[in-house]
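S.K.: Protein chains in written order, with this note's numbering: chain A, 66 to 354; chain B, 7 to 261; chain C, 67 to 382.
What the hints contain is simulated information worked out from the structure, not anything from laboratory work. Virtual Cβ for every residue (Gly too), placed ideally from N, Cα, C. A portion of the hints provided could be inaccurate.
[What the hints assert, rightly or not] If you want the footprint, here are the derived chain B segments under chain C, 3+ residues with CB under 8 Å: (1) 69-75; (2) 93-102; (3) 112-119; (4) 122-136.
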Amino acid sequence: MFAQQLMSGIATGSLYALTAVAIVLIFRNTRTINLAQGDFSMVGAFMALVFFQVLHLSLILAFVATLISVIVLAVLVELLVMRKIRNADWLTLFTATLGVYYILHGVSGWIWGRDTKSFPNIFSVTPVSIGGMLISEAHVINILIAGGIGLLLFLFFKYTRAGIAMRAITDDVEAAQLMGIPVKFVVTLTWAVGGFLAAFAGMLLAPIIYVSPGMMDTVLIKGYVGAVFGGLYSIPGAIVGSLMIGIAENIAGGYLGAQYKVTIAFVMIVLILAFRPRGLMGGQARREV
Amino acid sequence: MANLMAKGVSVHFGGVRALSDVNVEVPEGSIIGLIGPNGAGKTTFFNCLSRFLSCDKGTITYGDKDLRRCSPHNIVRLGIARTFQNINLFKTRTVLDNILIGMHRHIGNLVSATLSLPGALRHERSMRRRAEEIAELLGMKTEINEIVRNLPYGIQKRVEMGRALAAEPQLLLLDEPVAGCNEEETSELCKIVYSINHDQKITILLVEHDMSMVMSVCKYIYVLDFGKNIAEGTPAEIQSNPAVIEAYLGEQNAA
Amino acid sequence: MAGFFCLLLVLPLFIQGFYASLLTMTFIYIIAAIGVNILTGFTGLVTVGHGGFFAIGAYTTALMGKYLGVSMLPGLFAGGITAGVVGFLLGIIFLRLSGAFLAIGTLGFAFAIGSILNNWSIFEGREGISLPHNSIAGLKFGDVGLYYFCAITMIFLILFANSLIKSSVGRAFTAVRDSERAAESSGINLRFYKTLSFTISAALTGMAGALFAHHTNYVSSETFGDSWLSVDFLVAVVVGGQASLAGSILGGAFVVLLPYYLSEYRDFAFILKGVVLILVLLFAPAGLSDLLGRLYRKILGKIVRGQSDVSCNLRD
């Protein structure tokens, strides 16, 4: 029973991690707490429905088309809005993404309506037995896909020029600029990676939480918990944090009742922030003069 | 007598020793200089005194108070005010505002202030008058309603001094008050520092990179290099001290 | 400012009950926005969680009305005090946080309040709690009566906030915002003033919440359980102008009146809100109050040509 809850916790947690990692990536390269991250996923879920059910594209084709449209959306947001205010204080950047959030919510509600729509189960929910534990196939696939994306990101940051440039900007923008890294382009690329992660999060979550303009609101909060766990800076920290919240809420949901799931997210935010203001796996803040 | 005594002060950042066993004494009413080449640990020592840093070892006392037990804002309440080497002002505010914020120690009754009761308004008026006096003393009366950001560097340095003076301290810690100033501004500030000490009877500890200023205003000087005391004495003694000359020559050669 | 207040007091003579009710809602948002502005605009601590304090104020007066039969005026104060106490505690818990971390922490707070309202039986979740008829000392209040009650409360709180920010306490708040280091070396106790700002700000927003409960005569987790309120208050402050009371008035009006006039096109209202928000950030980053202030000075400068040094107090 416990092990099973642990597994499904990891499965949900790994989906939260997609959002959390995107939040960290965008924050550390642009100082922007992206409130629209969840809505990128939401738009992705609607797009997937359109490609899959209205246009009757094949699964793979619908998938690729969704991926491209969400990346384009994220890049447009960067080019049309965020780039124009990139030197402003963080509150301005934050409220600008709030503006994007309003617009995306409004546009999706306008086009697709506010009703919740079901999303076809791409993967079967029939339980498979792994080591004596029964877990649904969808859970296993979610973990595998999220893990695969994690590995992909790791390789991207370690071996590709674009990935290394993104890390260089995180460490020191000015030094990166002096080294001839095209900072503006890399920032756009950061948003594109955010869109890439959002598309996956949207498509994998849609069968579980259904599709509606507000579908990602609570997921976004859990993404923040994960991101804060890594001090809004560390990607491994964000992943661990997201897994922990997935596990914590599944176990709390199992033993205390489902309504305590959201409460757990908050309790974790408060505990982390109250005792380690820079996150558990973020760097130690030092007072300097 | 409220003397400032720092004994055996040591600080290290990670593996780097920033200060080791530094001793400085500032008797009440005096004007003491603390000099040393770049990176000698002057500012680090200052930050220990004003509690922005904790020292790993040593004692710092002011009168009978142990400064290591105070938080930065409590230091002001003991009558110690400081300035910063790289100006630390409220740059988008006026000179007057900056001085008024410096008077925070004399805020009076919070509730009365918040509700603008008559007593608080009277207090506010008297604080404004006092702020104008300070501005006049520092020769920036005409700039009192200017936004700090728009003022020349030399004046900003004075605003910083004004903010510190507004707390009506008994001991003033000045961190490189003439750094970045031209010759005219420097001699102007020398006069001001002298008059603060001489006319207002405020004890001063002056950290300065610029030798000429220290030599002209300080009665007694401590010299730091690589986080250690290397010499102390009157300006004349310091000027002829071979260790000091070497420390400064070494720096010139490096530059 | 005095003219504005007088206008508010004679306005009900000329407008219908329905518009009085809409304006009452605007006053409530203005009070909440001023609360947020004290913390975010003046003290520099960004909050995305004041919907939580709004809810605390509303439920305090609702529960007191339901179980103790307490009327509006004590309910208003009780709502303010309860929110203030919770604000004080949250201020202490989040003392070491700033910037984005504090924003996320406060957002979490608002979500937690929502989850408590949904799950603890005393708050009656989506069923909600109906309030007794609005009255003070046995005197029943209609729409216009409530209009005056809220208008007067708002005027008092604006005067209070104005006096606060001009006092040495207000100076200490802005000092904390502009440079913690310089504030500390001026003898300002960061912990004390941050917590004080949190408390006052939460209390004001809590009072707004109490008024809101009396305005709708009904509270439920449907209204108070989501984060829109918190976000709306922050938008009011940013669009209106940070660290400006006139800004909070404009911003409060903006977030109430825009969706109202577009209530039949809710999605369109969302889009317009987002667009206006982004346009303000792009072209008037200091907010509407600053924009109008500059415009006003420009027009005034044209009218009184030749007369230099035209001062304008719109921001105060």
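S.K.: Confirm or reject each hint.
M.R.: Comparing the hints with the structure gives:
no.	hint	verdict
1	69-75	violated (count 0)
2	93-102	holds (count 6)
3	112-119	holds (count 4)
4	122-136	holds (count 4)
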